[in-house]
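Asks: Residues per chain are reported as follows:
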Amino acid sequence: MRYIIRRLLQSLIVVFGVSIVAFGMLFMTGDPTEVILGDATDRMTVSQIEEFRVKMGFDRPWYVQYASFVGNAVQGDFGYSFIRHQPAFEVITDKLPATIKLASVAFILSLVISIPLGVMSAIRPHRPLDNIATVVALAGQSIPSFWLGILLIMFFGVYLKWLPISGSGSWQHYVMPGITLAAFPIARNMRLTRSSMLDFMQKDFVRTARAKGISENRVVYAHVLRNSLMPIVTSIGLELGFLLGGSVITETIFGWPGVGREIVAAIGSKDFYVVQAGVIMLALIFAGVNLLIDLTYSLIDPRIRFGA
Amino acid sequence: MTQIDPTSESQPVVTAASGLKRNSFWPRLWRSKVATISAIIFLVVVIAAITAPWLSPADPSAIKIIQRLKPPGFTNSAGTTFWLGTDALGRDVLSRVIFGARVSLIVGLSAVVISGTIGVLVGLLSGFFGGLVDDIFMRICDIQLSFPTILLALTIMAVLGSGLDKLILVLGLTGWVQYGRIVRSQVLALKNDEFVLAARATGEQRWQIIFQHILPNVWSPVIVIASFTVASNIVAEASLSFLGVGVPPSVPSWGTMLADGRQYIGVADWLTAPAGVAISLTVLSINILGDWLRDYLDPRLKNLL
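In order, the protein sequence lines correspond to chains A and B.
Just add 103 to the spot in the first sequence (first one is 1) and you have this note's numbering.
Just add 3 to the spot in the second sequence (first one is 1) and you have this note's numbering.
Derived from the structure by calculation, the hints contain no laboratory data.
All figures in this text were calculated on a predicted structure; none of them were measured in a lab.
Take the hints with a grain of salt, since some may be wrong.
[Claimed, not checked] In the DSS-like style, the derived pairs of lysine-lysine whose C-alpha atoms are separated by at most 30 Å in a straight line are:
1. A:K158 / A:K373
2. A:K373 / B:K169
3. A:K264 / B:K73
4. A:K373 / A:K204
5. A:K204 / A:K264
Extracted from the complex, chain A is given alone in its bound form:
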């Protein structure tokens, strides 16, 4: 129970931090009025700018502004997008399902591909299959997603014309963005599975299992693999952060109608309330899922609950 309370408090602090960063964003250049108006200030008179400042409440002390920002945010009010002519919160929530769908596809892809590859590599280490998998994994971790995306578009979209190069709708639309977003986690999880399995192969309980005459398959899958998956399970939270952050690039390349592309577009059009709402939303999802994962662990593994 103490762990759960501590973990909840920690999440509250994180939420507070997220709100400070998102709020502070507008003040980074010194004057939020300038940030919101952007180049439009060139065409406005001083009194018009001042009027806008008062209207938006930017003339108040920062702590009053912060309080009203939090008060509004809690009610889902993140300001109004002058570009989209829609509340910023709605702009983001409209796009959220697309981002979650793509991230889920990438997440499933990353597990379905990486774990079997990692197991195959670990069963026969330093053999051709393992060497190929290791090189592919290293390459997967080094090719930046935006170039991988461009390569896929060139080959499967432009030359072969097998897959649509942008947009969403059918299952085909998921293939290239899904692979692009999943490439890094696939490579990372594969290497994690491999090294963790190799570690466990040396353990006493595995030797005991073999000594008992259990079939090699059972040793590998029931004894070694089950234990080796722990590092992957514990890194799921991190991976989610990667998928949400990576969505910004992947969605931009493939014209995927999600939060990531919306944030980039909003940055381009200086639509800062949308940027703010998008960043807060992604950070809160990330923090929320991490909290859920940690609480689930504490239920499964008593060692965490008792602080061992």
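Dock chain B against chain A, hints included.
Replies: The following block gives chain B in isolation, referenced to the frame of chain A:
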């Protein structure tokens, strides 16, 4: 790239013995073929970056619309050959790739110096003093980890506007957490070791203990993290430039080259490959070197980094 797991704080590794092996650095590097090739690739990139003004056949920013989007091997009327073709503004792609190495390395290395310095200091103080200092630092770590780094950097750059100096600062300030957490866990393990207790007993000042006795023992993981972070910074720079918030469009960067080239897929396919290959090879070679360095300095770090 090898991702560093910031959630792992278990099993701090003490690396007092690593100094003994230093003599065998070059022979050991030479023995690993993959690491040697990576070192050579990285060296080529470094040399290209340093000698860019002499090495590049043309001015990377010289715009000549008349020779726009020419394929690799194109020779203009003045007899200049563009080995990798020209881009949409008629600029030489090869020269831009060479100059792009500069931006990548400057950003990658400078940001590492900033994040490394902050992270090591935070880790040392947090681990050594514990208590409230530790609590505050660790909560700041939590907050920072709750933002996907690229998202945080993107947001800040969006407000500040593009620029090489801003980019370095943003990547430096957002990348210190990994150092902080690892150094802290090492300090926690070291601070009750006999050599530290002995130093205390002789009446040494606390800062002397921290910087003269503990700091030299946490270098191995710091160097390893630094090498991986150079790679991730290069990718981050390219990503942010690709999204239009990194370096200004006029500065030749691998990220902006890919963003420009993307608009001409199917029309001028040669535009994306050079920058893409350059980033991938550079990042791959640094990651392999980082892996090798980790195994060389202390194989026990494998579980941590």
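Asks: Hint by hint, work out which the structure violates, then give me just those numbers in ascending order.
Replies: Going through the list in order, the structure violates no hint and respects every one.
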